[in-house]
Amino acid sequence: MTDLLEAWRAVLTRHTASPDVGAVGEALLARWTEPHRRYHDLSHLRGVLAAIDELTSGVDAADVDMDAVRVAAWYHDAVYAGQPDDEENSALLAETDLTALGAAPEFVAEVARLVRMTVEHDPAPQDRNGQVLSDADLAVLGLPPADYRRNTAKVRAEYGHVADGDFRAARVRVIGSLLSAPSLYRTERGRRLWEDAARANMSAELRALSD
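In the numbering used here, each residue's number is its place in the sequence shown (first place is 1) plus 782.
Keep in mind that the hints were calculated from the coordinates and are not lab data.
Just to be clear, a hint being listed does not mean it is correct.
Okay, derived cross-link-like pairs now, SDA-like style, lysine to any residue, Cα gap no bigger than 25 Å in a straight line [as the list claims (entries may be wrong)]:
#	residue 1	residue 2
1	K936	G947
2	K936	Y821
3	K936	E870
4	K936	A809
5	K936	L883
6	K936	S985
7	K936	S959
8	K936	N871
9	K936	R950
10	K936	L786
11	K936	L824
12	K936	L831
13	K936	P817
14	K936	R955
15	K936	V793
16	K936	D868
17	K936	M848
18	K936	T838
19	K936	G840
20	K936	A882
Listed next, with one range per pair, are the computed distances between beta-carbon atoms [stated by the list, open to error]:
#	residue 1	residue 2	range
21	A812	R931	36 to 46 Å
22	P907	R791	31 to 41 Å
23	R791	R938	29 to 39 Å
24	E977	F949	34 to 44 Å
25	E977	D835	12 to 22 Å
Note that CB positions come from ideal geometry on N, CA and C, so glycine has one too.
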């Protein structure tokens, strides 16, 4: 986890001189390694951060606040209890932590806004920050089929407290809603990288759930 903590420090030290940056990063990493997590764990955090880099590598990202997007990635599942208010509580944590560190109010507000955006993954057409974070968070849908199925099993394990019938019904609703959108991904690069594979993966899961 040393690499993650170093990456956290590199971003946050551009926004605050607080000596507590490292401690806040360590507390976040502790959240991402909570024992009840199966899917929303360090592998997911690493995947989202890597996808952000992949979406913006080699292109002019002047219209994207990369620091806000990356910090929002750290916070977007920082609170995870399998409850409907997880994203809201994660956004509140971001506001509390970043304000205590002395980050600028506008930076804090943008990070929190982006975390809340991940509830619906529906950024506005002009919301480049939101588009990049949303696509990065959904990049896992476009993994090779075997990896996608492993992730699906991890998600089910996190919702072990939910009855099979209720979980299947909720999963069908979520997948159906995603597939009904004109595009899963909002950036051109995201569509090129993952759209076809993600639709194939989710369509296969939907058929399995309907059997």
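Going down the list of hints, with the structure as the test:
1. About 17 Å separates the Cα atoms of K936 and G947, which keeps this hinted pair within 25 Å; it holds.
2. Proximity of K936 to Y821 is assessed by CA-CA distance (about 5 Å); at most 25 Å being required, the pair is judged to hold.
3. With a C-alpha separation of about 23 Å, the suggested pairing of K936 with E870 holds against the 25 Å cut-off.
4. The hinted pair formed by K936 and A809 meets the criterion: a straight-line CA distance of about 23 Å does not exceed 25 Å.
5. For the hint linking K936 to L883, the alpha-carbon distance of about 34 Å lies beyond 25 Å, and the restraint is violated.
6. With a C-alpha separation of about 18 Å, the suggested pairing of K936 with S985 holds against the 25 Å cut-off.
7. For the suggested pair K936 and S959, the alpha carbons sit about 21 Å apart, so the restraint of at most 25 Å is met.
8. At most 25 Å may separate the alpha-carbon atoms for a hinted pair to count; K936 and N871 meet this at roughly 22 Å.
9. At most 25 Å may separate the alpha-carbon atoms for a hinted pair to count; K936 and R950 meet this at roughly 14 Å.
10. Among the hinted pairs, K936 with L786 is consistent with the structure: their alpha-carbon atoms are about 22 Å apart, no more than 25 Å.
11. Between the alpha carbons of K936 and L824 the distance comes to roughly 13 Å, so the proposed pair stays at or under 25 Å and holds.
12. Between K936 and L831 the alpha-carbon distance is near 20 Å, which keeps this suggested pair within the 25 Å criterion.
13. Taken as a hint, the K936 and P817 pair is honoured in the structure, with Cα atoms around 13 Å apart against an allowance of 25 Å.
14. Between K936 and R955 the CA atoms are separated by roughly 18 Å; this keeps the pair inside 25 Å, and the hint holds.
15. Of the supplied pair hints, the one linking K936 and V793 is violated, its CA atoms being roughly 30 Å apart against a limit of 25 Å.
16. Between K936 and D868, the direct Cα distance comes to roughly 18 Å. Compliance with the 25 Å bound is thereby established for this hinted pair.
17. Among the hinted pairs, K936 with M848 is inconsistent with the structure: their alpha-carbon atoms are about 29 Å apart, more than 25 Å.
18. Annotation: proposed proximity of K936 to T838 is violated, straight-line Cα distance about 28 Å (limit 25 Å).
19. This hinted pair does not check out: K936 and G840 have alpha carbons roughly 33 Å apart, beyond 25 Å.
20. Among the hinted pairs, K936 with A882 is inconsistent with the structure: their alpha-carbon atoms are about 34 Å apart, more than 25 Å.
21. The beta-carbon spacing between A812 and R931, approximately 29 Å, falls outside the hinted interval of 36 to 46 Å.
22. Distance hint for P907 and R791: a CB-CB separation of about 34 Å, consistent with the stated range 31 to 41 Å.
23. A hinted range of 29 to 39 Å for the beta carbons of R791 and R938 is consistent with their spacing of about 35 Å.
24. A hinted range of 34 to 44 Å for the beta carbons of E977 and F949 is inconsistent with their spacing of about 26 Å.
25. In this structure, E977 and D835 meet the distance hint of 12 to 22 Å, their C-beta atoms being roughly 19 Å apart.
When each numbered hint is compared with the structure, violations occur for hints 5, 15, 17, 18, 19, 20, 21, 24.
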